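For the protein sequence lines, the chains are A and P, in the order given.
Under this note's numbering, the residue at position 27 of the first sequence is numbered 27, and the numbers go up by one with no gaps.
Under this note's numbering, the residue at position 156 of the second sequence is numbered 156, and the numbers go up by one with no gaps.
These aren't lab readings, by the way, just hints derived from the structure by calculation.
One or more of the hints may lead you astray.
[Said to hold, decoys possible] Residues from chain A that face chain P, not an exhaustive set, calculated with beta carbons under 10 Å:
(1) V39
(2) I63
(3) V73
(4) A82
[Stated by the list, open to error] Incomplete in silico selection of chain A near chain P, CB under 7 Å:
(5) I67
(6) A68
(7) V75
(8) G78
(9) L81
(10) K84
(11) E101
(12) Q102
(13) T106
(14) D111
(15) S297
(16) L301
(17) H323
(18) T324
(19) S326
(20) Q327
Just so it is clear, the structure is predicted and the values come from calculations on it, not from any experiment.
We treat Cβ as the ideally placed atom computed from N, Cα and C, and that holds for glycine.
The chain contents come next:
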Amino acid sequence: MSQYFLNPNLFNTDVEQEPIRAGFGRGLKAAAEVNEKIVALCADLTDSTQIGLFREAFPARFIETGIAEQNLVSVASGLALAGKIPFASSYAAFNPGRNWEQIRTTIALNDQPVKIVGSHAGVSVGPDGASHQMLEDIALMRVLPNMIVVVPGDSLEAEKATRAIAENGKPSYIRLAREKTPIISTDQSPFEVGRAYVLREGGDISLMGTGAMTYQLLVAANILSEKGISAEVVHVPTVKPLDSETIIASARHTGRVLTAEEAQIAGGFGGAVAELLSEHLPTPLLRIGMQDRFGESGAPLELFDYFGLTGDNIAQRAEEFVHTKSQYHREY
Amino acid sequence: MGGHLTIAELQRKANDLRQDVIRMLAAAGSGHTAGSLDLADILAALYFEILNIDPKNPEWPERDIFLLSNGHTVPIQYAAMAEAGFFDKEELSTLRKLGSRLQGHPERCRLPGLENTSGPLGSGLSQAAGYAYSLQYLDNNRHRFVYTIMGDGELDEGNVWEAAMFAGKYKLSQLIAFIDRNNIQIDGSTEEVMPLEDLRGKWESFGWHVIEIDGHNIQSIIDAVNMAKAISNKPCIIIAFTIPGKGVDFMEYDYKWHGVAPSKEQADNAIKKLSIRNKDNVLSEVKL
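One chain only, chain P, in its complex shape (with noise of 0.2 Å):
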């Protein structure tokens, strides 16, 4: 895909991005609001500058793979889809309603160009793992890449870490994983109810390349990846530090933003606050 728009760009699509989670979520009366919240400039530097995808071909042989781990915060990824044109964007205001191919978690069988089910924490990155292991072993590919988010809460899984191993061992250098590194889970903040520090030397220990980058500056992002694909002798994680709820400021920073959605009025004010946002930083026409 990428290659075509500027860095303000970039961000004015994540910009809104965001306000289709908020409706989405707004609509469907229940999700995870501040994950889809704060991966949105994440996804927009994978959909529209960093993945190697063709939406009209979702099969193509030849594309990137984008494997979302915590699938619970779909809503962005959906969202970005759509923009991307994978389906049509009036489809997002189905997210969870009966018959929807937009699921409440992410589920490959029903909407082509979405790669993976998941929703359990933990697995992802094995997949994207063995995905990786294909091309770089059994393939003789060494041009596509796999990437996989991960949460940070999800960082308590022992399948995580087993997945961690596995790619270390096999040096498996077309993987690439984001950690959204929040802070928060659903019982409070990460390191209250589990701590992950020391996140980098953990990761480093089992072989891994580290960066570390704010997961809201885009140009940060895009840098990471293009380092990450510049190491071909390990698999790289992007530490990518966030505001949970990023964006709307009654709910950033908020645990309690994890697993609810807003009300219509709490919906309608959070559009306006990244409107207000966006012709403050003269990014984008909103469209309300």
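Chain A extracted, bound-state conformation (with noise of 0.2 Å):
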């Protein structure tokens, strides 16, 4: 349990802060290095989506498409049937929000190993408001046959999943994040596609979460130790293929989940977890992440709290839960 190494610097203040974009574009390079067929597109989007740092390693290798997504991904599928294994890259919003049907098809169904890259996901990217905050990426890509999820925890691993992803010979999605966030992990902690990773053991509620919300629940987890609750972190940086047995397992030991993502809990992290369960251990759930309502302009660390996603919310949600619902499985 505790192989996964936690940032010894985590709860800290000068915890080190990264965005998990920038995680990306190392990974990336990293995996072009060892592999020639790794080629990158973007949608004139190229610094901020980290790719830059590719291209200027393998200017050859680099192709710009303009702001055209569907061309982006359907010229990708091109490229994969030649072969080479490419990364495309724009805001999550166009990528795979413009541009799903092409991924369906031409990717997905065709089942070609392309990487879709969607960052400035989440309503985290503030200031531009809710048509660029994508909260629906999630949904619109778990739902896809052959499709692999990837949303990491934090850059460090980030830089993990790109390697992993390009090497998995899947269609394969990563969702990033534009601000930064503290790095929970470190070089040595595990990364696997399809595992999830229990951070912190407790007995009296799961907290689950994807992506950067993971530090939001290790920030809740010690509130609520100082209450006296007793929660268990769980770490799931892949929801496609969800890590059934780790999450059944967790549920299985406390007898309450909370899930939290960036995102829509419609179709998203949360509902993915709510399928599992309500089909192998139903389990009192309660999930924390957008509640069928689009994002708004704001800096990011006010948007969190107004839209209650931050550790001092969860944990004060997490308390009530622990008091309102009974732990099922004990009295079975």
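Two chains, each in its own frame: build the complex with the hints.
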């Protein structure tokens, strides 16, 4: 369990922070250094999606498509047919937001190993407002057969995840965020596509998070601990395939589950966990995330607080939840 | 493959493929008749003369690539592939049936030799451009060619024009695209539904070399492709003027045949028409 190496500096005020997308940029360059089939495409957002690092290192393997996301991914499909491993990047609002059908037909149904890179996902995009705060991408991508969906928890994990999907031979989606977020892991922390990791053990409630929300859950677990509530924290960086074994084991252990994501809970990570548990181990569930509404402009931290996504907010919700819902399985 | 059949023999192949298509669609009870028939001459020219492919080795790394973008016309591609020896002709009767490798719209993963998964319109040109980009810029391979066919109604899709800009920018000279200019789409004539003209001017302004041909004249099809191959600084588009439902008089020019299959009776009648045409042209022994 505790083989996951948490950043020892995690709860200090000077915890290292870096945008998750920066780890992607490094991971892509590293993957491309060992595999010359890797190519990268971008739709006029090269620097902000952090593909610039790749472009500098491998200018001949970089393809600019202009602001044309449908073409971006279907060109990538053609490149994959020609034996390449294309990473196609833009903002998540447009990729997969704009081009979902092309991804469905030319990549997922076609089973081509194209990597869709959706950057600037979630409300943490901040002042740009609702149109640019992609919240539906997890739902959109996880319903596609053949598709792998990865939502790294920090920049170090994004680096590892990028290298892993580069070599998995499958259509894959990687979700990235714009803002700096705390680094929760270390170089030694494991990452495997399809695996969830128990970061902290507890007996009263399981807090399950994907992406940078896992950090908020770790903060919440500390607060809960001061109140005498023992929270288990499960980090789920792969939303599809879901690590059902780890999730069910934790749910069985604690009898209550809270999920957290910076996305719509309907169809998102919370939706995935709800599907899994209601079929295999019905468990009281509280889903933290966007509740069937769009975001709006604001500073990222301000929005996190406004939408109830901070560790403080989550600890409060979790406390109420623990006090109002009994632990089902203990009674079975 | 090519080089071994005369123009008359290729015409006969096309007519045979049309008959296969009628039988397939009648057996399936659904499917797209008009476009499948009007592409018979282009598909015959591609599979039996133009494409450098090996049906016994569909993954041959030196092969040319053909991506059908308007996937609803795939019956004519299946017929051509079977005739070329990719699979047994018996299998044609499984079109659109449960468990068949011959899906209603093409799926690459199911059938060796089928290069593309398509159906939703507008993406094939992008895919072909991606492949052609790889050959020209990543693989340093200047002798393989990538072909695609789009319907004319398909050009309503914005994705097509994104691809047109892309291929023009990168001067993808190994990309050769056909437009099946049959002037129909489901809701009526293309010029009523969403006017496409000036089609030549549109493509030229996107940086393409444009060739216009009679899409039923096999010599013209082959000549156009040879010309396109010789153009080394631009992608080429071949606007092939065709007659929807070509070869069956009661289907020709009628947009209502876009998306319906013939009944048993209509199919018998259609095959008779195709057979008569054969005899008139002294082209082929007709198998009924």
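Hint check:
For V39 of chain A, the interface hint holds, the least distance from its beta-carbon to any beta-carbon of chain P being 7 Å, beneath 10 Å. Taking 10 Å as the C-beta contact cut-off toward chain P, the hint placing I63 of chain A at the interface holds, the least distance being around 7 Å. This hint holds: V73 of chain A has a C-beta 8 Å from the nearest C-beta of chain P, less than the 10 Å allowed. With a least beta-carbon distance of about 4 Å to chain P, the hint placing A82 of chain A at the interface is held under the 10 Å criterion.
For I67 of chain A, the shortest C-beta to C-beta distance to chain P is roughly 9 Å, which exceeds 7 Å, and the interface hint is violated. Against a cut-off of 7 Å between C-beta atoms, the interface hint on A68 of chain A holds, since the closest Cβ of chain P lies about 4 Å away. Because the beta carbon of V75 of chain A sits about 4 Å from the nearest beta carbon in chain P, less than 7 Å, this interface hint is met. Evaluation of the G78 of chain A hint against chain P yields a held restraint, the C-beta minimum of about 2 Å falling below 7 Å.
Residue-level restraint check for L81 of chain A holds (minimum Cβ-Cβ distance to chain P is 6 Å; threshold 7 Å). At its closest, the beta carbon of K84 of chain A sits 6 Å from a beta carbon of chain P; the interface hint therefore holds under the 7 Å criterion. At a threshold of 7 Å, the smallest CB-CB gap from E101 of chain A to chain P is about 6 Å, leaving the interface hint in force. Interface restraint check for Q102 of chain A: the shortest CB-CB distance to chain P comes to about 5 Å, inside 7 Å, so the restraint holds.
Because the closest C-beta pair between T106 of chain A and chain P is about 5 Å apart, less than 7 Å, the hint holds. Using the Cβ-Cβ criterion of 7 Å, the hint placing D111 of chain A at the interface with chain P is satisfied: the shortest such distance is roughly 5 Å. Because the smallest distance between the Cβ of S297 of chain A and any Cβ of chain P comes to about 29 Å, over 7 Å, the interface hint for this residue is violated. A cut of 7 Å between beta carbons decides the hint on L301 of chain A: the least distance to chain P is about 37 Å, and the hint is violated.
For the restraint placing H323 of chain A at the interface with chain P, the shortest Cβ-Cβ distance is roughly 51 Å, beyond the 7 Å limit, so the hint is violated. Residue-level restraint check for T324 of chain A is violated (minimum Cβ-Cβ distance to chain P is 47 Å; threshold 7 Å). Below 7 Å, beta-carbon pairs count as interface contacts, and S326 of chain A has none with chain P, the closest being about 48 Å; its hint is therefore violated. For Q327 of chain A, the shortest C-beta to C-beta distance to chain P is roughly 45 Å, which exceeds 7 Å, and the interface hint is violated.
Comparing the model with each earlier hint shows violations of hints 5, 15, 16, 17, 18, 19 and 20; every other hint is respected.
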